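Line by line, the protein sequences are chains C and V. For the first sequence, the numbering used here assigns the number 7 to the initial residue and increments by one for each residue that follows. For the second sequence, the numbering used here assigns the number 13 to the initial residue and increments by one for each residue that follows.
To be clear, the hints were calculated from the coordinates, so they are not data collected in a lab. Take the hints with a grain of salt, since some may be wrong.
Under 10 Å between C-beta atoms, here's a sample of chain V residues computed to sit facing chain C [what the hints assert, rightly or not]: (1) A23; (2) M139; (3) Y142; (4) I143; (5) S197; (6) V202; (7) Q204; (8) G205; (9) R207; (10) M213; (11) I230.
Here the structure is a predicted model, which is why all the values come from computation and not from measurement. C-beta: ideal position from N, C-alpha, C; glycine also.
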Amino acid sequence: MNEPLLQVSHLGKRFEGIVATDDLVLNVAAGELHAVIGPNGAGKTTLIAQLSGQLSPDSGSIHFGGNDITTLPMYRRSALGLARSFQITSLFLDLSVLDNVALAVQARAGHSFHFWRNARAEPELREPARAALTRVGLAERADRPAVALSHGEHRQLELAMALAGNPRMLLLDEPMAGLGPEESVRMVEMLRALKREFTILLVEHDMEAVFALADRITVLVYGRVIASGAPNDIRANADVRDAYLGEAEAEGAGHG
Amino acid sequence: MTGWFTARNIAIAALLAALLLLPVFAELAGNRFLLTLFTRIVILALAATSLNLILGYGGMMSFGHAAYLGIGGYAVGMLAHEEVLTGFVQWPVALAASALFALIIGALSLRTRGVYFIMITLAFAQMAYYIIAGLARYGGDDGLTIYKRSQFVAPIDLSNKVQFYYICLALLFGSIYLIWRLVNSRFGMVIQGVRSNDLRMRAIGFPTYRYKLVCFVIAGTICGLAGALLANHTDFVSPAMLYWTRSGDLIIMVVLGGMSSPFGPLIGAVALLVFEEMLPFMIKLLGTPLFGEAAVRGAEYWQIVLGPLLLLVVLFARGGIVGLLSKVRS
Numbered sequence: 007m008n009e010p011l012l013q014v015s016h017l018g019k020r021f022e023g024i025v026a027t028d029d030l031v032l033n034v035a036a037g038e039l040h041a042v043i044g045p046n047g048a049g050k051t052t053l054i055a056q057l058s059g060q061l062s063p064d065s066g067s068i069h070f071g072g073n074d075i076t077t078l079p080m081y082r083r084s085a086l087g088l089a090r091s092f093q094i095t096s097l098f099l100d101l102s103v104l105d106n107v108a109l110a111v112q113a114r115a116g117h118s119f120h121f122w123r124n125a126r127a128e129p130e131l132r133e134p135a136r137a138a139l140t141r142v143g144l145a146e147r148a149d150r151p152a153v154a155l156s157h158g159e160h161r162q163l164e165l166a167m168a169l170a171g172n173p174r175m176l177l178l179d180e181p182m183a184g185l186g187p188e189e190s191v192r193m194v195e196m197l198r199a200l201k202r203e204f205t206i207l208l209v210e211h212d213m214e215a216v217f218a219l220a221d222r223i224t225v226l227v228y229g230r231v232i233a234s235g236a237p238n239d240i241r242a243n244a245d246v247r248d249a250y251l252g253e254a255e256a257e258g259a260g261h262g
Numbered sequence: 013m014t015g016w017f018t019a020r021n022i023a024i025a026a027l028l029a030a031l032l033l034l035p036v037f038a039e040l041a042g043n044r045f046l047l048t049l050f051t052r053i054v055i056l057a058l059a060a061t062s063l064n065l066i067l068g069y070g071g072m073m074s075f076g077h078a079a080y081l082g083i084g085g086y087a088v089g090m091l092a093h094e095e096v097l098t099g100f101v102q103w104p105v106a107l108a109a110s111a112l113f114a115l116i117i118g119a120l121s122l123r124t125r126g127v128y129f130i131m132i133t134l135a136f137a138q139m140a141y142y143i144i145a146g147l148a149r150y151g152g153d154d155g156l157t158i159y160k161r162s163q164f165v166a167p168i169d170l171s172n173k174v175q176f177y178y179i180c181l182a183l184l185f186g187s188i189y190l191i192w193r194l195v196n197s198r199f200g201m202v203i204q205g206v207r208s209n210d211l212r213m214r215a216i217g218f219p220t221y222r223y224k225l226v227c228f229v230i231a232g233t234i235c236g237l238a239g240a241l242l243a244n245h246t247d248f249v250s251p252a253m254l255y256w257t258r259s260g261d262l263i264i265m266v267v268l269g270g271m272s273s274p275f276g277p278l279i280g281a282v283a284l285l286v287f288e289e290m291l292p293f294m295i296k297l298l299g300t301p302l303f304g305e306a307a308v309r310g311a312e313y314w315q316i317v318l319g320p321l322l323l324l325v326v327l328f329a330r331g332g333i334v335g336l337l338s339k340v341r342s
């Protein structure tokens, strides 16, 4: 437990002169829910993209479970147990809900050069997929096409896909984005339950949710870490207050 | 639930029965041309079916699929020219050559996306066209006559028109079944996932490139088989077999019939080619009472009618003919 599960050291990324990630250091211990917050344009999604392998950093390194994954392609990181959910819903819209999750299971079930057996009739793909759907409350929707689901259900499906691969760590990019108040409450409950089983890196705008769930919080501004610590320390931190929290702090305090 | 008796399934069953009985009908009607036309339709349907695997199921918009038709055909033609007449050599060479060509084109083009992918597949196919047109030994621009069809052991005789038709039909049905199994297997789920969202597939742990490449090679190989059949059917191969407009015809068949539907390309091939045959005749028949002599001359421009019809299908029937049939309540 002493070695952090995810270690990000001195990560740097720039786009055409804009610094998106600036000498970023971040450690996530196994079993912890670590939230990353920051104003728009702070480089949160860029960070997730580098952690998942969608973007490659210009400098620095990323270690996951003792492996240097800085230059590994996306699919290899996923195979090591690093699962990502997307901020902008990114699903297989023309496939069924169950197919979506079953693909996530299949990704972790060895190579897919099996050409003959009907994959939709394989219990070793379908059962874990159904279990993940039950977990996020989408079991009755299993046979609908993904495109027919509501936005809130898409967020739940995103989560089910991340879970289905039986990952070691979840990278959740704004799972609350665009949810109504009731759906948000349900999502927070779900994340609270998941937190017991998985290490989670949560990028989120919803301050109430972040302060309710996080063990540790890192605050990014212009790609730079300006503070990192327990929720209470972050709330009390003057820099954070100046740079970012402002009125959100009042809401967070109201909740906590 | 209407079960199996949907308008679509009834139409498909009727089409399959008609194809199976066609030689009988042609014999009774004393119409040899009908059998020749439908042998050609069945072979091009096989090529379109293979294109459907990458285009319909895999979302790979290849604009050079006719290249495999030409390579398969020329493998047979060149070997026949060199006095290698046995089909047991000709056909495996045709398949292997198309597979190899697909591997090379795929390995390079699948690293690109969108318009670039379309242009690269087109460019490679045109390159193959010019290379073959430049082979003086094998007829160059003029093409190459095949004096003897592929030889197999008795009782198989490709010169027997009825037998050849049934061989083509069996290979078509076999390929449709094979592709149907393929697209529903684990491999097929990966391919369909890639069509739907390539980035997400990589994010959940699939090295998508190698799956796409294998899919591309399988499609190219099946199309090479269609090429070997086409060479035997026409007793002649020419660079026109792999010209880009032929690739366009194959795309039209797939889109017209219905993408990512097992029988879509077959339906599209039958519809397009039968229509092509009938349209000049119909313009003459319907137009003469109205426009007199002008309709006879107008019939030469039947493609002016075909174009807008295809446009209507693309605009108003997203799933092609199969999609339209699926909407009909039986």
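Worksheet entry | M139 (chain V) as chain C interface residue, shortest Cβ-Cβ below 10 Å | At about 30 Å, which exceeds the 10 Å cut-off, the nearest Cβ of chain C leaves the hint on M139 (chain V) violated.
Worksheet item: Holds or violated: is there a CB of chain C closer than 10 Å to the CB of I230 (chain V)?
Response: Hint on I230 (chain V): holds, closest Cβ of chain C at ~9 Å, below 10 Å.
Item to complete: Would you check whether R207 (chain V) satisfies its interface hint, that is, whether its CB is within less than 10 Å of any CB in chain C?
Response: Nearest chain C Cβ about 8 Å off; hint holds.
Worksheet item: Does the CB of I143 (chain V) sit less than 10 Å away from some CB of chain C?
Response: violated (32 Å)
Fill in: Per-residue hint verdict: Q204 (chain V), partner chain C, C-beta under 10 Å
At about 7 Å, which falls below the 10 Å cut-off, the nearest Cβ of chain C leaves the hint on Q204 (chain V) intact, so it holds.
Practice prompt. So, G205 (chain V) near chain C? Judge it on the closest CB pair being under 10 Å.
Written response: Check passed: Cβ of G205 (chain V) comes within 5 Å of chain C, closer than 10 Å.
Worksheet entry | Hint check: 10 Å Cβ-Cβ cutoff, M213 (chain V) to chain C | holds (7 Å)
Fill in: Proposed interface contact between S197 (chain V) and chain C, which counts if any beta carbon pair is under 10 Å
holds (5 Å)
Practice prompt. Report holds or violated for the interface hint on A23 (chain V), using the least CB-CB distance to chain C and a cut-off of 10 Å.
Written response: violated (24 Å)
Worksheet item: Given V202 (chain V) was flagged as interface, is its beta-carbon under 10 Å from a beta-carbon of chain C?
Response: Since chain C brings a Cβ to about 5 Å from V202 (chain V), closer than 10 Å, the hint holds.
Practice prompt. Verify the interface restraint on Y142 (chain V): the C-beta must sit less than 10 Å from at least one C-beta of chain C.
Written response: Hint on Y142 (chain V): violated, closest Cβ of chain C at ~35 Å, above 10 Å.
Hint compliance for this structure: hints 1, 2, 3 and 4 are broken, all remaining hints hold.
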